[in-house]
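There are 2 protein chains.
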Amino acid sequence: MWTLHQFPLCPFSRKVRILLGEKSIAYDLVQRRPWDEGDDLWRLNDAGRVPVLEDKARNIALCDSRAICEYLEETVERSPMLAGSALARAETRRLVALFEENFHADVVAPLLHEKMTKRLVLRQPPDGRVLREAMKRAHGHLDYIDWLVDNRSWLAGSTMSLADLAAAAQVSVADYLGGIDWRGHDQARGWYAVFKSRPSFRPLLAEKMEGIHPPSHYAMVDG
Amino acid sequence: MWTLHQFPLCPFSRKVRILLGEKSIAYDLVQRRPWDEGDDLWRLNDAGRVPVLEDKARNIALCDSRAICEYLEETVERSPMLAGSALARAETRRLVALFEENFHADVVAPLLHEKMTKRLVLRQPPDGRVLREAMKRAHGHLDYIDWLVDNRSWLAGSTMSLADLAAAAQVSVADYLGGIDWRGHDQARGWYAVFKSRPSFRPLLAEKMEGIHPPSHYAMVDG
Ligand SMILES: N[C@@H](CCC(=O)N[C@@H](CS)C(=O)NCC(=O)O)C(=O)O
Ligand SMILES: N[C@@H](CCC(=O)N[C@@H](CS)C(=O)NCC(=O)O)C(=O)O
Chain A
366 MWTLHQFPLC PFSRKVRILL GEKSIAYDLV QRRPWDEGDD LWRLNDAGRV PVLEDKARNI
426 ALCDSRAICE YLEETVERSP MLAGSALARA ETRRLVALFE ENFHADVVAP LLHEKMTKRL
486 VLRQPPDGRV LREAMKRAHG HLDYIDWLVD NRSWLAGSTM SLADLAAAAQ VSVADYLGGI
546 DWRGHDQARG WYAVFKSRPS FRPLLAEKME GIHPPSHYAM VDG
Chain B
366 MWTLHQFPLC PFSRKVRILL GEKSIAYDLV QRRPWDEGDD LWRLNDAGRV PVLEDKARNI
426 ALCDSRAICE YLEETVERSP MLAGSALARA ETRRLVALFE ENFHADVVAP LLHEKMTKRL
486 VLRQPPDGRV LREAMKRAHG HLDYIDWLVD NRSWLAGSTM SLADLAAAAQ VSVADYLGGI
546 DWRGHDQARG WYAVFKSRPS FRPLLAEKME GIHPPSHYAM VDG
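Chains as they are written, first to last, in the numbering used here: chain A, 366 to 588; chain B, 366 to 588.
Be a bit skeptical, because a hint or two may be false.
It does not matter which identical chain is meant; a pair holds if it fits inside one copy or across any two.
[As the list claims (entries may be wrong)] With a straight-line cut-off of 25 Å between C-alpha atoms, the simulated SDA-like cross-links for lysine to any residue are:
hint	residue 1	residue 2
1	501	543
2	561	406
3	480	470
4	573	524
5	388	401
6	421	504
7	501	396
8	480	524
9	561	577
10	388	508
11	501	408
12	480	466
13	421	516
14	501	404
15	421	367
16	501	407
17	501	402
18	421	509
19	388	511
20	483	412
21	421	517
22	573	554
Derived from the structure by calculation, the hints contain no laboratory data.
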């Protein structure tokens, strides 16, 4: 049985959870706080990060969400999320990197810092200027999702892939933190609404991070 | 014929070049300056980054170094660098992420900012405090390489893999920028010396980045 070490607002852990859900793989959750000295996460992951997907019985601890997803793709055939030709797979992986690096750095990381780390760790108020800049940058990335969805059924091509999972995971954390203004992004919103209604995604939307409240539209399928 | 868009001190591009070399795949180089407004890199890569591996004749532009390496692994059997069981592959990918995210963020990114970006773009002197902190953090990562090399033939296991390529690429940029103090790291130094003497690596060591000079030991195989 797998155990996923994570916390509710970690977008990389969310991607792994959606994949586990899509593949109908059972798992337990353990909540971690990588920012706490007391957390012994370093014993599991030399990078001190979540997610870690552990199978204690087999003495396995998989680290890094892309490595975890590739492992699950290689070992569980059900609901493939990295399918097609080598070129199609390269396109999927390009988009995973784009959302997990560029969208993350421009939007999700500053929101997490201002609204989560400052509240839970630093005990400081968020900086409004940083929040506004992140929301402004979010528009550029949502324009890109609009454009992809105008041209393809799913972000990387004709079927749902890790690109959709990675993007939806990042977007969902930004949306939880009030960083997404959906006005003017009907295509992106339509794509994301489909995700929000999937059984693999519903449990994530129902979870809260202590002391941090999402906007009212966050968990609504047509929100 | 492939064209690799890159600049000499980009560690992600270096990894791709070593892989192309190991697999004996011919390619041309085009030098890019992602920090220049005038560079039309955005036409090739929606993330505005190097490396991009292009095949104009086939109208292909592969973006993101991990996506590029996976593509080359899937399409060229020679000199496999992501071999073994799904678990072994997960271990390789975990280490690629560790060196490209943690080592990069702790050591390579601050060195590049202080010694390259400030010189070529911002026209500011480097901040000695930041450089010292990066070098201090480098020691921790070199300890980790020492430990891996004590326990395994190569970083991820019994054969050379993308983990070695990624680590050597990151280390080489830090070394070029004077950020590596090899004293006390005999195992890491031995592992890196083997790399430095490989035909896939020699061309990299011979290249210079305009206006930035590496220390004298940088290109010496026993340096
Ligand atoms: N590339 C990693 C990134 C994981 C990551 O950044 N996790 C964050 C939480 S969202 C973390 O644990 N940060 C703590 C730290 O870096 O010290 C992955 O895909 O798993
Ligand atoms: N995950 C990417 C990272 C590439 C990257 O960060 N490239 C840097 C140069 S070393 C770059 O082009 N930066 C310009 C920018 O981000 O605007 C990869 O593996 O290719």
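Margin query: Need the list of violated hint numbers for this structure, in ascending order.
Written below: The structure breaks hints 2, 4, 5, 6, 7, 8, 10, 19; every other hint is satisfied.
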